[in-house]
Each structure stands twice: as structure tokens, then as C-alpha cells.
Amino acid sequence: MTGCKDFQIIMQTMLDGTAAEKERADFEGHMTLCRDCAMEFKALQLSLDLLVAMPVSEPSPGFTSDTVKLAFKAKKDLMRRQRILSWGLSGLAAIISALIIAGWHMVFQPAIRMALLSILKILSEWKVLSTLLVKVLFSLVKVLAVLGDATFKAVWEGYSPICLGYMIVLIIVISFILITDVRSSVFSLKGGKA
Amino acid sequence: MIQPQELLSDQSRLIRLARSGNEDAFGKIVNIYRNKLTGYCHRMIGAGSEDSAQEIFIKFYLALDRFDASKPVAPFLFRIAHNHCLDILKKKNIHTMPFEKDTDDGQEIQIKDERPNAEELMQKAELQNAVKDAMASIPALYRSPLIMWHVEGIPYEEISEILELPIGTVKAQIHRGRKMLQQKLMDFVLIDGGLE
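These protein sequence lines map, in sequence, to chains A and B.
36 is the number of the first residue of the first sequence in our numbering; add one for each residue after it.
1095 is the number of the first residue of the second sequence in our numbering; add one for each residue after it.
For reference, chain A alone in the conformation it holds in the complex (with noise of 0.2 Å):
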């Protein structure tokens, strides 16, 4: 038997609209009994019908220029702040990269000394220099197209100011650190020979 209580369901099923033809015709019966139901489910569309005709004043002429405008200054003050971000972040890591180098240097100095020094013998062979070039564009070559167009633009659009930056204080930090290490060890291998 079908209660009020279950024409409360039917009710909100007709006010989706997705009540069956069965429920619909049982409903209307109902309503046509029980005057509660039928006050209730007036009062809901009643209700209803007064939020849709909610008067709502159309926006201001200038609005559509006026968001474009702010939208778009929005973007560039975005993308500066993000630019300033990225680069101050990027030379951070920079400066903290090259202290750990720096450190790392010191620390094991006469070591990397000898390393440097036999790595300048074999490259000295232009053969050998040319070989590993080759490969280390080849590598590059595979990578980039594993990476695929849209990786590398995004990488490139996106991070191209952190990586940017990182890149040229580090080398500035580190060629600074080998040439003078390289000048030294030449120097003392001249005095050697001397």
C-alpha cells in the first residue's frame, strides 16, 4: 500500500521529471485524496517557479572588455611573479650546488687532481674526443625524441628560467673552480719538468 510518505519520493521524482507514467497517475490520484501532499507539492513548484523568476539584472555594458582586460593583466602579473620566483629559486639551488662542489673540492682536492689530469691525457687524443661527442649528441638526439615535442616545450616554456639560471651559475661556479685547478696542475707539472 502506498503511503504519504512514499508520494514524498514520488514527489521529488516529478519535480526531476523522471517520475514513471505508473507513479505520475498514482500521484495525481493521490492528490486528488489527500490535500496535504497536494498543498505541499504545489508550495515546492510554487517555490521553485519563484526562484527561476528571481529577477537578476543583466551585467554592466563595459563588463565583457572590462574582464578581458583584468583577466589578462591578471596572466602577465602572474607570470612575472612566477618568472621572479623561478629564477630567485634557481639561484638558490645554484649558489647551494656550488657550495656543496666547492666543499666537495676542497675536501678531496689532490684526488680529483689526478682524476682531472688523466681524463686531459685521453682527451688530449682527438680521436677519443670526437668518438665520445658523437655519442653524447646521439644520446641527446634519443632523448629528446623519447621526450617527444610537447614534453620538451612544456619543459622548455615552463621551467626554461629555473633550468636556465641553475645552469649558468653553476657552470659560472664550477669553471671557475676547474680552471683554476687546471691552471694549478699544469703549473706544477711544468715545475716538474723544469
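Check the hints yourself; a few may be wrong.
[To be verified] Computed Cβ-Cβ distance ranges for the label pairs, DEER-style:
| id | chain 1 | residue 1 | chain 2 | residue 2 | range |
| --- | --- | --- | --- | --- | --- |
| 1 | A | Gln43 | B | Arg1173 | 27 to 33 Å |
| 2 | A | Gln117 | B | Gly1140 | 22 to 28 Å |
| 3 | A | Leu120 | B | Gly1262 | 41 to 47 Å |
| 4 | B | Asp1162 | A | Thr67 | 47 to 53 Å |
| 5 | A | Gln117 | B | Asp1227 | 16 to 22 Å |
| 6 | A | Ile131 | B | Gly1247 | 26 to 32 Å |
| 7 | B | Asp1162 | A | Cys69 | 34 to 40 Å |
| 8 | B | Arg1173 | A | Asp41 | 31 to 37 Å |
| 9 | A | Gly64 | B | Phe1161 | 47 to 53 Å |
[As the list claims (entries may be wrong)] Quick list of in silico lysine-lysine cross-link-like pairs, BS3-like style, CA-CA up to 25 Å:
| id | chain 1 | residue 1 | chain 2 | residue 2 |
| --- | --- | --- | --- | --- |
| 10 | B | Lys1226 | B | Lys1130 |
| 11 | B | Lys1186 | B | Lys1153 |
| 12 | A | Lys57 | B | Lys1265 |
| 13 | B | Lys1186 | B | Lys1122 |
| 14 | B | Lys1130 | B | Lys1185 |
| 15 | B | Lys1122 | A | Lys104 |
| 16 | B | Lys1265 | A | Lys40 |
| 17 | B | Lys1273 | B | Lys1184 |
| 18 | B | Lys1184 | B | Lys1265 |
| 19 | A | Lys40 | A | Lys57 |
| 20 | A | Lys110 | B | Lys1153 |
| 21 | B | Lys1130 | B | Lys1165 |
| 22 | A | Lys104 | B | Lys1153 |
| 23 | A | Lys111 | B | Lys1153 |
| 24 | A | Lys40 | B | Lys1273 |
| 25 | B | Lys1226 | B | Lys1184 |
| 26 | B | Lys1273 | B | Lys1165 |
| 27 | A | Lys110 | B | Lys1165 |
| 28 | B | Lys1130 | A | Lys104 |
| 29 | B | Lys1122 | A | Lys110 |
| 30 | A | Lys156 | A | Lys170 |
| 31 | B | Lys1122 | A | Lys111 |
| 32 | B | Lys1153 | B | Lys1185 |
| 33 | B | Lys1165 | B | Lys1226 |
| 34 | B | Lys1122 | A | Lys108 |
| 35 | A | Lys108 | B | Lys1153 |
| 36 | B | Lys1130 | B | Lys1186 |
| 37 | B | Lys1153 | B | Lys1273 |
| 38 | A | Lys110 | B | Lys1130 |
| 39 | B | Lys1130 | A | Lys108 |
| 40 | B | Lys1153 | B | Lys1165 |
Hints in this document: simulated from the structure, not taken from any laboratory.
Even glycine gets a Cβ: it sits at the ideal position worked out from N, Cα and C.
Given the coordinates of chain A, work out where chain B should sit on it, guided by the hints.
Chain B alone, transformed into the frame defined by chain A:
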């Protein structure tokens, strides 16, 4: 008549252009949704709906890079609008969580067969304020899906996607929202609506 698929591909094109910095394309998107968003904000937060709609469009533009242009714009835009309105209500310290209150006056009522025209009824300033107050008193979590479903005509599946809630929960929220609205407007509906 424009088919939904054509509309989607047209909007995808506009999104791609806007993303690449085309102001006209973004302006067209704003024109398509400005009335809908202003109306949604007006029903959600009342005063300041135009400013809120503008802020929503700005947030939408800033988030365009994350948006999949092959998908429809409305759910993404309404998700931003929903969260934005909730933030405003929280800042205003207006309750967004559900509360329970029943009104049962047990009156006997004579029902008329036809219900009156809501647009004509809304000419009365008193009734306009009553609807605004009634909406403001409904918790935002119920109010938002209620507006999306009844005013904007967004289907349950899409509302569920926008609010990131199961369809059953969305339906329950809309049912409760309807009930609350009806209870708040009962006196006006009985007198002005001629149900008494």
C-alpha cells in the same frame, strides 16, 4: 539550430585561441556565460554578483592551461563559480553547512487547481526580498546544486562532476534544498500564491 557537438567544437576553438592570448576569443566566451554566471552568483551570494562573476572569469582564464579544450566549458566554469561563492560566504561568515529545521503548522488548506504565474508574483518587492532571504538561509551546499538544476538546467551527471560528489548525494542535496526553500516561502506561497 546549433548542435551541441558544433557548440563544443566552436568553444574548443575559442579556448585554444584564448589560451594563445587572443582577447576577442576570450571575450566571446565571457559573452556566452556572463548572464548565467551573474545569475548564479546573485542567487548564491546576493549583492556583488557582477564583481564575483568577473573574478570567476579571471580565475577561469588563469586556469585555462589546465583545462582540456576538448571538454565542455560549463562544468569547469561552474566548479570555479561554486568554489568562489563558497569562499565568499565563508569570508562573510555565513553558514555553508546544512542545518535541520522543520516547520509544521498543521493548517488546513484549500487547493486551487492552477498555480499562479511566478513572474507576475515576483513583481511584488516583498516577495522578491522573501525569495532572496529564503535562498540566503539555505546552506550553500544545498543552494548551489539547487540553482544548477532548477535555474541553469544542468543535468545531475554534470552537477555531480562539478561538485565532485556522487549523483545520489547531489540528488539528496537538491531534495533537501527544495524542501527548505518551500518551508521558508510557505507563508508567502500560501497568501500570494493563493493556495490558502
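Which hints from the list above does the structure break, by number from lowest to highest?
-> Failing hints, ascending: 2, 5, 6, 7, 13, 26, 33, 37.
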